[in-house]
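S.K.: Mind docking these for me? Both chains are given alone in their own frames, and the hints should help you get the complex.
Residue numbers (my numbering), protein chains in the order written: chain A, 80 to 253; chain B, 102 to 238.
Hints in this document: simulated from the structure, not taken from any laboratory. Idealized CB from N, CA, C, for every residue including glycine. All the pointers check out, no bait thrown in.
These stretches of chain A come out as covered by chain B in the derived footprint (C-beta under 8 Å, 3 or more residues):
#, segment
1, 124-131
2, 219-229
List of simulated lysine to aspartate or glutamate pairs, DMTMM-like, C-alpha gap at most 20 Å:
#, chain 1, residue 1, chain 2, residue 2
3, B, 238, B, 130
4, B, 181, A, 120
5, B, 206, A, 146
6, A, 119, B, 212
7, B, 158, A, 147
8, B, 206, A, 156
Read off the chains here:
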Amino acid sequence: MKNVSFRMHLAACTAIGAVVAALPLANAGVMVPANATYVKECGACHMPYSPQLLPAASWKKITSHLDDHFGDSAKLDASTQSSVTDYLVANSADRANSSEARAIMQSVNGGAAPERITQVPYIRDLHAAVLDPTWNGHPRPKTLTECGVCHRNVSQGNFTSKTFSVSDEAFRGR
Amino acid sequence: MNMRRFLLVRLPVALCLAAGCGAWAAPVDELLQEYQAQGGKDFNAAAGDKLWHQFFKDPKGGEDRRCALCHTSDLRATGKHAVTGKAIKPLAPSVNPERLADKSKIEKWLERNCKWTIGRACTPQEKGDVLVMIRSK
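Just chain B, same shape as in the assembly (with noise of 0.2 Å):
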C-alpha cells in the first residue's frame, strides 16, 4: 500500500472507528448523549427558552435572578455581567461561532452559573433543553 495514502486516509479512519470516533462528534451532541445517559430525555428549545427566562430568587439577597440577567433576552446581543459590569460576548453560535465549541468550557459555565442562577445544579434535562435552545440561536 501507499505509505503516504495510508498515513492520510486510512489511518485516521482507523483511529477514529477505534476511538468511537468522539473526538470528532460536536460537543453538545456528546453533552446530550450524556444527560440523555443521565435521566435526560427528548430536549427542545422551547423548555429551554422557558427556564432561559424564568425567575428565582436569590435565598441570600432576595434579588430576582434569571439567565436573561446577565446574557439579555437577545442571546444574539452581547450580555452584561450583573455584578462587574464586564461586558459578555454573545452566546448565540449564529453570531459568534466560539460558542459550544469546546465541551469543557460549556460545562464549566453550565456549572458556575447554574449555581449563581437558580442557587443550585441544573438536571440533566435542563441542561439539555437550554443547550438545544442555544444552538438553534
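Chain A on its own, in the form it takes in the complex (with noise of 0.2 Å):
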C-alpha cells in the first residue's frame, strides 16, 4: 500500500514537472530550429531561420530553386532538398501555433509565399523603421540577414523588445 501511495505520488510529481517543464516551452516565442540536416546546410550561409517564419507555400516555393538563391546557387542534391523541404513545411508558420506564427499567417494574402522573411506583411511592418533609407538619420543596416545584431535572445527563440540591443526609440522613431 505503501509503494502503490508513493507511485502515484510520483506519477503526480511528475505530471506537475511535464506541465512546469512545458510552460515555457509554450511562451518561448519562435521555435528555434533543431533538424540537423536543415542546420547544416542552410545555417552554412546564414543563419538558419525558424520554419515558423514563413508559410509552407513559401518555403516550398524557395527550395524550388535553389540553384538561384538570391542570385547564389545553394544546390543540394535531390535528397537533401526534399528531407529539407519537408522538415520546413512540417513545421511552418501554417503548422505552428505560437502567437508569432498566427500572426504571419494572419497577414499573408491568401495563398502569397513571400520568399524574403522581411516581405512578410506582418514582420515588414515591425521592422518598418529599419527599412526606411532615411531612417531616423541612422545609416540603414546593409543587411538584416543576421537577426541576432539586434535581437540578442534570438538563439532561445525570443524577438520581444526587451531584448533589443538597440533602444526602442532609437529604433520606432522616424
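M.R.: Right, here's the structure in full:
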C-alpha cells in the first residue's frame, strides 16, 4: 500500500513536472530550428531561420529553385533538398501555434508566398523603421540577414522588444 | 587460419584490393584523378593562386567578384560571406583539418562558388589548380 501511494505521488510529481517544463516552451516565442540537416546546410551561409517565420507555400517556392537562391547557388542534392523541404513545410507558420506564427499567417494574403522573411507584412511592418533608407538619420543596415545583431536572444527563439540591442526609441523614431 | 586475424587483417585488405582502395584514398587525390580524366593536367598551386585573386565582373550587378572577396587573401584567416556577412571558417587544412576531407562537400562548394564568382562552372583544370593550392596552405 505504501508502495502504491509512493508511486501515485511520483506519478503526480512527474505530471506536474511535465506541465511546468512545458510552460516555458509554450511561451518561448518562435521555435528554434533543431533539424541537423537544415541547420548544417542552410546555416552554412546564413542563420538557420525558424521554419515558423514563413508559410509552407514560401518554403516550397524557395526550395524549388535553390540553384538561384537570391542570386547565389545554394544547390543541394535531390535527397537533401527534399528532406530540408519536408522539415520546413512540416514546421512552417501554417502548422505552428505560436502567437508570432499566427500573426504571420493572418498578415499574408491567402495563397501568397513571400520569399523573403522581410516581405511578410507582419514582419515588414514591425521593421518599417529599419527598412526605411532614411531611418531617423541612422545608416540603414546593409542587410537584415542576421536577426541576432538586434535580437540578442534569438538563439532561444526570443524576438521580443525587451531583448533588442538598440533602444526601442531609436528603433521606432522616424 | 585464426578467425580473428582473418577478420581484422586479411578481410579489410582483400576488400580494399577488390574496391580499388577508393574509399581509403584522399578525397583531393581522387578528384584530381577525375579532373585529369576530364582533360586537366599538371595541376599547380601557382595557377590556383592566380585564379584565386583574379577579378570577375558580375554581369547583373556589375561588381567585381573573386574567391578572396569572401575567403580573404589569406586562406588561414576567417572569411566573411559577401552577402549575409556570416563568418566562414578558414579554408587552409593546416588550421582547419575539416577542409578537403569530404569529397562531396568539396564538389558541392566548387559548383556553387564557381557559379557565383566566375559566372560559370569551373573547368577541370581550374578546379584541380585551386584544390592543389588550397591543399598547400
